[in-house]
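The lines below spell out each chain.
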Amino acid sequence: MSETKKFVYMNRKAPYGTVYALESLEVVLIGAAFEQEVQLVFVDDGVYQLTKNQSTDGIGMKNFSKTYSALGDYDVNQIYIDEQSLKDRGLTMDDLQELTYEDEDDDWAEKSSMKLVNREQLAELIGNADVLLNF
Amino acid sequence: MSTLHTVNKSPFERSSLDTCLSVVSNDSTVLLIEDGVAGALQNTTASSSITDAMGNGVKFAVLGEDLGARGLSADRVMDGISVVDYAGFVQLAADHDNVQSWL
Amino acid sequence: MKFAIQINEGPFTHQAADTAYQFTKAALENGHEIFRVFFYHDGVNNGTMYGVPPIDDRNVSAIWSELAEKYDLDLVVCVAAAQRRGIMDEDESKRHGKGAANIAPKFRISGLGQLIEAGIEADRLLVFGD
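First to last, the protein sequences are chains A, B and C.
Per my numbering, the first sequence starts with residue 1, numbered consecutively.
Per my numbering, the second sequence starts with residue 1, numbered consecutively.
Per my numbering, the third sequence starts with residue 1, numbered consecutively.
Note that these hints are calculated values from the structure, not bench results.
Each hint should be verified, as a subset may be incorrect.
Stated by the list, open to error - Below are the SDA-like pairs computed for lysine to any residue, each with C-alpha atoms no more than 25 Å apart in a straight line: (1) Lys25(C) with Val84(B); (2) Lys59(B) with Asp123(C); (3) Lys59(B) with Gly71(B).
As the list claims (entries may be wrong) - A few chain A residues that don't get close to chain B, going by computed Cβ distances all over 10 Å: (4) Asp44; (5) Thr51; (6) Thr67; (7) Ser69; (8) Gly72; (9) Gln84; (10) Gly90; (11) Asp106; (12) Arg119; (13) Leu122; (14) Asn128; (15) Phe135.
What the hints assert, rightly or not - Using C-beta positions, here's what the derived DEER-type ranges look like: (16) Ile59(A) with Thr45(B): 33 to 43 Å; (17) Glu66(C) with Arg70(B): 38 to 48 Å; (18) Tyr71(C) with Asp27(B): 24 to 34 Å; (19) Lys6(A) with Thr45(B): 27 to 37 Å; (20) Asp88(A) with Tyr71(C): 16 to 26 Å; (21) Glu124(A) with Ser47(B): 23 to 33 Å; (22) Phe64(A) with Tyr71(C): 35 to 45 Å; (23) Ala69(B) with Lys70(C): 36 to 46 Å; (24) Asp57(C) with Phe12(B): 50 to 60 Å; (25) Asn43(B) with Pro54(C): 19 to 29 Å.
The C-beta atom is built at its ideal place from N, Cα and C for all residues, glycine as well.
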């Protein structure tokens, strides 16, 4: 398997109400070992996956939101947030946790993994993907 | 690169078709399947956004078996949307560079 | 052309597994190759042999097994999703101290890496879900 492909994970569903967000994250973590190019897109209700201060004690389910902040350690650092989806939901980037990675080409400087994109840029991300994973 | 977009949700229940149409490019095709076939019918609240996308060069198809299962005849489908069978679905997937499923 | 298929939903509640089946069958009948069918989330429930639908309904698990038998398909059930939902082969069943295996013929249990590998090896990956 010498070929490198671009895997785009389309996250479009809120966490906890359904299992898709959690099980998508599990694929991302396993997939990181395959040394493919990985991009995560959060669009529609998918933006709720990244909200700060998630507390699941009251619903008896595992809080997996902290796992997102580990993505940088797996070299998953291309994370795209759809601006329109935030706006539609009355959210801003301040409502989301900050995801960072250490840039090995820049003396391990800590940089943001997150990029706000508009629909035109989102169209480009989809168009340039080799594999589009949806859950 | 061209993308085959599949939409399997009724536009009257979910926003999948809306989001899809906001990112679809003119070399791509939108295939309506399962409950998504409702979006292909004439004179619905979804029709104008589909007409707009067609004007931008986006192609549309609908899965005939799913129309039939729901008692919707092909002559109620909007002009410009082609009715395909599963083999046509396979051909569309082969003809585009990738497939985006708007689940 | 080489296709890979991902199925996110179980049988009967959602149409996803049926649509995926019809797509897979049409692809094979038209001379294409199916590299792998990967069952994830509730999709692993397609891999039980204990489903007994009424006689006038299709048996989704059984038609997958039959198609796999005919075309030697690779039907892979995600191990983590399967363990959560109680889909077991002999090994898994023994390891977890359960009574019996319930995995349907021609299905096998393996890891998520199989999905990534399918994405790498196939020309197109199609996802069927809700």
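Is the distance from the Cβ of Ile59(A) to the Cβ of Thr45(B) consistent with 33 to 43 Å?
-> The hint (33 to 43 Å, Cβ to Cβ) holds, given that Ile59(A) and Thr45(B) are roughly 35 Å apart.
Pair hint Lys59(B) and Asp123(C), alpha-carbon separation not exceeding 25 Å | 22 Å, holds
Given the hint that Lys25(C) pairs with Val84(B), test it: the Cα-Cα distance must not exceed 25 Å.
-> 15 Å, holds
Per the stated criterion, does the least C-beta distance between Gly72(A) and chain B lie above 10 Å, as a non-interface residue requires?
-> Holds, because the least Cβ-Cβ distance between Gly72(A) and chain B comes to about 26 Å, which exceeds 10 Å.
Given as non-interface: Gly90(A), partner chain B, CB spacing beyond 10 Å | 16 Å, holds
38 to 48 Å as the expected CB spacing between Arg70(B) and Glu66(C), which holds or is violated = With a Cβ separation near 27 Å, Glu66(C) and Arg70(B) fall outside 38 to 48 Å, so the hint is violated.
Quickly compare the C-alpha distance for Lys59(B) and Gly71(B) to 25 Å and report which way the hint goes.
-> This hinted pair holds, its Cα atoms lying about 24 Å apart.
Non-interface claim for Asn128(A) versus chain B (Cβ beyond 10 Å) = 6 Å, violated
Within 50 to 60 Å or not, the Cβ separation of Asp57(C) and Phe12(B)?
-> This hint is violated: roughly 28 Å between Cβ atoms.
Hint check for Thr45(B) and Lys6(A) - Cβ pair distance inside 27 to 37 Å = Since Lys6(A) and Thr45(B) have Cβ atoms about 36 Å apart, the given range 27 to 37 Å holds.
With 10 Å as the threshold, tell me whether Ser69(A) passes as away from chain B on beta-carbon distances.
-> The claim stands: Ser69(A) keeps its Cβ more than 10 Å from every Cβ of chain B (closest is about 26 Å).
Take a look at whether the Cβ-Cβ distance between Asn43(B) and Pro54(C) falls inside 19 to 29 Å.
-> This hint is violated: roughly 38 Å between Cβ atoms.
In this structure, the earlier hints numbered 4, 9, 12, 13, 14, 15, 17, 20, 23, 24 and 25 are contradicted, and the remaining ones agree with it.
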